[in-house]
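Asker: For reference, the chains in residue letters:
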Amino acid sequence: MGIKKVRPKPQTLVEKIFFLDFIKGLKTTIKHLWKKVITVDFPYEVVTPPIRFRGIHGLRTVDGTEGPEFESWVKRLKIKPPEIGETRCIACKFCQAACPVPELFDIQAEKLDVPEDHPHYGLKVMTVFNMDLSKCTFCGLCTQACPTDCIIMTDIYDLSAYTRRNWVLDKDMLTQIANDFVARRGKEKFNEISQWREDQKLWPEYDKTREKLWDFNMPKLGPNYQDQTA
Amino acid sequence: MSWISVEKAKKLEERFGYPKVSESKGVVSVEVPKDKFIEFLKFLKEDKEYDFRMFIDLTIIDHGEKEDPRFQGVVILFSPSNQERIIVKTWALDETLPTLTTLWKGAKWAEREAWDMFGIKFEGHENLVRMLLWETYPYHPLRKDFPLEGIKDTYLPSLNETLRGDVLEGMFNYDRMHTAIPTMEDLEITQKKRMPVKTSQIVLNWGPLHPGTHGTIWFLFDLDGEYVRQCDIIIGQLHRGVEKLGENVNWQQFIPYTDRMDYIAAINENHAYVLAAEKLLGIEVPEKAKWIRTMMAELSRINSHLLWLGTYALDLGALTMFLYTFREREKIMDIIEGISGARFTINYFRIGGVFADLPYGALDAIEHLTKDLPKRIDDYETLLTRNRIWLSRNKDVCIITEEDVYDFGLTGAVARASGVPYDIRKIDKYDAYGEVEFDIPVGETGDSYDRYLVRMEEMRQSIRIIQQCVAKLRKMSKNDPYFFQTPDEKKLKVTIDGRGMKLPAGEVYASSDNPRGELGFYIYNKKDGLKAHRMRIRSGAFYNLQVFTKAIIGRPIADAITLLSTIDPVVGETDR
Ligand code: SF4
Ligand code: SF4
Numbered sequence: 001m002g003i004k005k006v007r008p009k010p011q012t013l014v015e016k017i018f019f020l021d022f023i024k025g026l027k028t029t030i031k032h033l034w035k036k037v038i039t040v041d042f043p044y045e046v047v048t049p050p051i052r053f054r055g056i057h058g059l060r061t062v063d064g065t066e067g068p069e070f071e072s073w074v075k076r077l078k079i080k081p082p083e084i085g086e087t088r089c090i091a092c093k094f095c096q097a098a099c100p101v102p103e104l105f106d107i108q109a110e111k112l113d114v115p116e117d118h119p120h121y122g123l124k125v126m127t128v129f130n131m132d133l134s135k136c137t138f139c140g141l142c143t144q145a146c147p148t149d150c151i152i153m154t155d156i157y158d159l160s161a162y163t164r165r166n167w168v169l170d171k172d173m174l175t176q177i178a179n180d181f182v183a184r185r186g187k188e189k190f191n192e193i194s195q196w197r198e199d200q201k202l203w204p205e206y207d208k209t210r211e212k213l214w215d216f217n218m219p220k221l222g223p224n225y226q227d228q229t230a
Numbered sequence: 001m002s003w004i005s006v007e008k009a010k011k012l013e014e015r016f017g018y019p020k021v022s023e024s025k026g027v028v029s030v031e032v033p034k035d036k037f038i039e040f041l042k043f044l045k046e047d048k049e050y051d052f053r054m055f056i057d058l059t060i061i062d063h064g065e066k067e068d069p070r071f072q073g074v075v076i077l078f079s080p081s082n083q084e085r086i087i088v089k090t091w092a093l094d095e096t097l098p099t100l101t102t103l104w105k106g107a108k109w110a111e112r113e114a115w116d117m118f119g120i121k122f123e124g125h126e127n128l129v130r131m132l133l134w135e136t137y138p139y140h141p142l143r144k145d146f147p148l149e150g151i152k153d154t155y156l157p158s159l160n161e162t163l164r165g166d167v168l169e170g171m172f173n174y175d176r177m178h179t180a181i182p183t184m185e186d187l188e189i190t191q192k193k194r195m196p197v198k199t200s201q202i203v204l205n206w207g208p209l210h211p212g213t214h215g216t217i218w219f220l221f222d223l224d225g226e227y228v229r230q231c232d233i234i235i236g237q238l239h240r241g242v243e244k245l246g247e248n249v250n251w252q253q254f255i256p257y258t259d260r261m262d263y264i265a266a267i268n269e270n271h272a273y274v275l276a277a278e279k280l281l282g283i284e285v286p287e288k289a290k291w292i293r294t295m296m297a298e299l300s301r302i303n304s305h306l307l308w309l310g311t312y313a314l315d316l317g318a319l320t321m322f323l324y325t326f327r328e329r330e331k332i333m334d335i336i337e338g339i340s341g342a343r344f345t346i347n348y349f350r351i352g353g354v355f356a357d358l359p360y361g362a363l364d365a366i367e368h369l370t371k372d373l374p375k376r377i378d379d380y381e382t383l384l385t386r387n388r389i390w391l392s393r394n395k396d397v398c399i400i401t402e403e404d405v406y407d408f409g410l411t412g413a414v415a416r417a418s419g420v421p422y423d424i425r426k427i428d429k430y431d432a433y434g435e436v437e438f439d440i441p442v443g444e445t446g447d448s449y450d451r452y453l454v455r456m457e458e459m460r461q462s463i464r465i466i467q468q469c470v471a472k473l474r475k476m477s478k479n480d481p482y483f484f485q486t487p488d489e490k491k492l493k494v495t496i497d498g499r500g501m502k503l504p505a506g507e508v509y510a511s512s513d514n515p516r517g518e519l520g521f522y523i524y525n526k527k528d529g530l531k532a533h534r535m536r537i538r539s540g541a542f543y544n545l546q547v548f549t550k551a552i553i554g555r556p557i558a559d560a561i562t563l564l565s566t567i568d569p570v571v572g573e574t575d576r
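As given, the protein sequences belong to chains U and S, one line each in that order.
So that you can map any letter, position 25 of the first sequence is 25 in my numbering, and since no number is skipped, the others follow by simple counting.
So that you can map any letter, position 24 of the second sequence is 24 in my numbering, and since no number is skipped, the others follow by simple counting.
By construction, these hints were calculated from the structure, which means they are not laboratory data.
Given the structure is predicted, the values throughout are model-derived calculations rather than measurements.
Glycine is no exception: its CB is placed at the ideal position from the N, C-alpha and C atoms.
Incorrect hints may have been included.
[To be verified] Listed below are the simulated DSS-like cross-link pairs for lysine-lysine, each with C-alpha atoms no more than 27 Å apart in a straight line: (1) U:LYS9 <-> S:LYS375; (2) S:LYS493 <-> U:LYS220; (3) U:LYS201 <-> S:LYS472; (4) U:LYS93 <-> S:LYS493; (5) S:LYS502 <-> U:LYS93.
[Stated by the list, open to error] Beyond 10 Å from chain S on every Cβ pair, some chain U residues (computed): (6) ILE38; (7) GLU192; (8) PRO223.
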């Protein structure tokens, strides 16, 4: 078992008399005097969050990139087959079941009010989807539970508001957030069946602000494993 | 592995007749009758062969209202010479137990916590007051008949309503009734009871909202001039009932809550918990997950030590240090954020592995960092290690002896600085720690300076471990699994999101070496279940903080800052 004793030698007389300890310390400080500023000047300057960032939630809409099992889920839960642009949510409440704070969700579905001979007779649609994000832990378990890849987490982190009311997001707001995110960075995060891409980058390399917090000495991102390609 | 063998425990059975030995997942526990409890523990502690000198934890299990007897005391001990643990249990008949403080001083706080949470009286305890809640609080919240959401008996509308005039009536999830909060009078009563006899005129209050206390800790110093004669600490301002939550949420759902204990090293908290749950499940996680987890845990350790160093130096007057360490910390946080999606409350580990593979470029960034860090640590050391102000404020300040380590159950860097090479990474060899090379730094005198040096060396050793992990991961394939794959879904279900995951009946204790000491999870599960019956969290910071009240005696008040910084507790974990 490797045990290492730590205890440096006591200060020597020379060190004491000539204040060598202070001089050495000052040298380090002076070295830093000539370095460039590394603080990011928020909010005039922002660092783009990495693609995996777990920010405010969104609800994705149908856009032709659903997973292969999407339709069978829709059938199983007797949901009206959604058109392009309608929400993917099938009100299965799996997200709520996986959530450490389940009471923050309010999900409801209603039967469509159509005559008996209508093809959508007896089918449901999701009507209410409220999330009280003041209670959210931003853990991401809901996104991992969703069978239709509907609920996602975006890169938006600014949730400040003057009233609690603004923390409760409804389904329209959530849909809008997801649409905006998918348009901006969807390609970076998801593949053609809405799953996480295998080649997600540690952080977006197009973001030049990040260089600052890395002391202008950024690592170059390459493959992790021997059989991984760029 | 690090537990007393059943055969050896059976010898106790033969020798005394009354102990009953049982085993579950390698964890050996011995049940003894209440009237023989102290006698038996005394034997375990003093016998040369068994030598269970070190106190690890004491807690209570509530078996439910209908059971008789209902409460059971659980004591976990460690033997430094044999490197093994044992659990001793007894029934708390009439809701009382004899005190352990005559054997281990460190049991003092644990017993107060047990009284606070379960209402078990410890006969012979010198001052059995509450630990985390205030003195006038009427309930014992970890009892099974206490509801999870608490008892909402206080009218406390939101300031949005009272000050801004928002209409919140009927908003979903909003209630004007709130669980009880202490009033000024309650706090005054609490303070008086914590220090019933004072020797001097002045009791100095430090905290709970003082920047030097690194969180919300409230210190009481009974002073004689500048020197501390008596000290007590009031904690609990950040108590959120994490143990209670652990008994009421699913297995994977509990991980985000552990993030919020030691928020500075959230990864290590996740780690300890998943280790315990995996042990109960009896599964082996895939190789790749093991190495990723080891690497991340060490990154987190450096992250935590950098924060410690920065604030410690800041408290002792070296402001620039804080800026330097936060610069390096930012890089680590940036890497962790890229991998897991969060900087602080990381929730990356899962029971069964990790929730996603490393993103493209992660290993490069980590490698880049490990090349850069040693130089930076050298820089820090030039500024501090031999600086005369630093030396005079740290050397021979607040010595913690080896005896204290065993007595108070001190772990982590605090124990190592006192010359005890107690490191769970070496003892339990969890995840990939058995396969990496690293040294345990130990100190000689156990003063603040040693604690400083030990943590500095720990950072260097962590870099060593990370480099080995990176090298190993490089050789793996991108298709290697990072999450446990069950051979038979019907028999054993392990899911990333935790839905439908059942853990078997049994009891386990597993721990990890957190930057703040040994963080252990004791899980007791009566029958297979979606939730734990008892989730005990053995917090290293809690026990380490306890020694503060002893080590500060006879020292000038200015040393309180040094001592607190070198013990380095984090309130999220002490209060849970
Ligand atoms: S991120 Fe976590 S806490 Fe928030 S809604 Fe999703 S599961 Fe719940
Ligand atoms: S899990 Fe997905 S589909 Fe199901 S209710 Fe939640 S968001 Fe909708």
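Asker: Now tell me, hint by hint, if it's right for this structure.
Answerer: To see whether the hints hold, each was checked on the structure:
For the given pair, LYS9 of chain U sits about 21 Å from LYS375 of chain S by alpha-carbon distance, which is consistent with the 27 Å threshold. The hinted pair formed by LYS493 of chain S and LYS220 of chain U fails the criterion: a straight-line CA distance of about 39 Å is larger than 27 Å. Between LYS201 of chain U and LYS472 of chain S, the direct Cα distance comes to roughly 21 Å. Compliance with the 27 Å bound is thereby established for this hinted pair. Of the pairs offered as hints, the one joining LYS93 of chain U and LYS493 of chain S holds, with about 20 Å between alpha carbons and a cut-off of 27 Å not exceeded.
Proximity of LYS502 of chain S to LYS93 of chain U is assessed by CA-CA distance (about 20 Å); at most 27 Å being required, the pair is judged to hold. Residue-level check failed: ILE38 of chain U sits 6 Å from the nearest beta carbon of chain S, not beyond 10 Å. Every CB of chain S lies more than 10 Å from the CB of GLU192 of chain U, the least distance being 18 Å, so the non-interface label holds. The beta carbon of PRO223 of chain U is not kept farther than 10 Å from every beta carbon of chain S, the shortest such distance being approximately 7 Å.
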